[in-house]
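Engineer: For reference, the chains in residue letters:
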Amino acid sequence: ETGVTQSPTHLIKTRGQQVTLRCSSQSGHNTVSWYQQALGQGPQFIFQYYREEENGRGNFPPRFSGLQFPNYSSELNVNALELDDSALYLCASSFGGTSTDTQYFGPGTRLTVL
Amino acid sequence: AQSVTQLDSHVSVSEGTPVLLRCNYSSSYSPSLFWYVQHPNKGLQLLLKYTSAATLVKGINGFEAEFKKSETSFHLTKPSAHMSDAAEYFCVVTPLYGAGSYQLTFGKGTKLSVIP
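So the sequences go chain by chain: H and D. Taken in order, the first sequence gives residues 1 to 114; the numbers are from our numbering. Taken in order, the second sequence gives residues 1 to 116; the numbers are from our numbering.
Hints may contain errors.
Unchecked claim - Restraint-style ranges between C-beta atoms, simulated for each label pair: (1) H:Pro-8 x D:Glu-15: 32 to 38 Å; (2) H:Gly-96 x D:Ser-9: 32 to 38 Å; (3) H:Ser-65 x D:Asn-61: 24 to 30 Å; (4) H:Glu-82 x D:Met-83: 35 to 41 Å.
Note that these hints are calculated values from the structure, not bench results. Note that beta-carbon positions come from the ideal geometry of N, C-alpha and C, so glycine has one too.
If we strip away everything but chain D, and leave its shape as in the complex, we get:
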């Protein structure tokens, strides 16, 4: 079984300051991990994914995440927030292989607000 805990339901940052969205995961098997973003009235968009290659993963729009197996974490960061980053962010886990590898398990989401 797998699960995701997003440690903050809401994060507020000023424009131009760093962003940190925290995610811990649990998985019975080696995991694949993803971050998706959801803007209001838009579909989910993939920001980045980890599938057992390099532990530091770079995504779109300047976002990156680091897979830390010892801490079971996959935190999302960005050096400088833009107003357009304001959205809901979801951390997602699935087993890399085997049963359930077709099924994405989502966290509850973190709402990011960016203050001008």
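So here's chain H without its partners, still in its complex pose:
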């Protein structure tokens, strides 16, 4: 088990609603990355936060936004939910945001959009 925790575990929303997912980093880590994993697919990179600043972003629309707090925990916010947003959302923490820094993943939040 890593020290990365996510809440809630499961969530059901309806189309058009907004959702906030939360992630607590492993102790000592200053970087959080978020990924979306659709059923039967590999995770896709959404964005990364390093020391409270967005460090990079994948191919996701602006309605996907995030925050990182001074204690390095993080939130993922999704506005105007669509059916295709149904997925497992994973966060990963690391010390540093480069390729040589191992990312440690949390168990994920399963979002269902009806």
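We have chain H; now place chain D onto it with these hints.
Structural biologist: Leaving out everything else, chain D in the frame of chain H:
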């Protein structure tokens, strides 16, 4: 840009026999390569990583992978499968340096089944 192709969506082996999960990659820059494992209802766990040191990389639980630049491959092997190895395995690439080095690019995964 980088991408990963996992050549088998499902691999089935008998307990005690060797495991081979195949991965080819594409990267505009020198790559870092990883294998992660995902057990049902669990988070992704790092098995091993290659970051330009020795081309044969040893990981946890007896797994290893060999980086072959000429073949753009990073296949995962294990000499003898255990029942506990049954899971989904992901090959991952990222540029070692420069733009996008923060972004892990995952393959679609290979589901490993182990038959008693």
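Engineer: Hints numbered earlier in the text: which of these fail when held up against the supplied structure?
Structural biologist: 3
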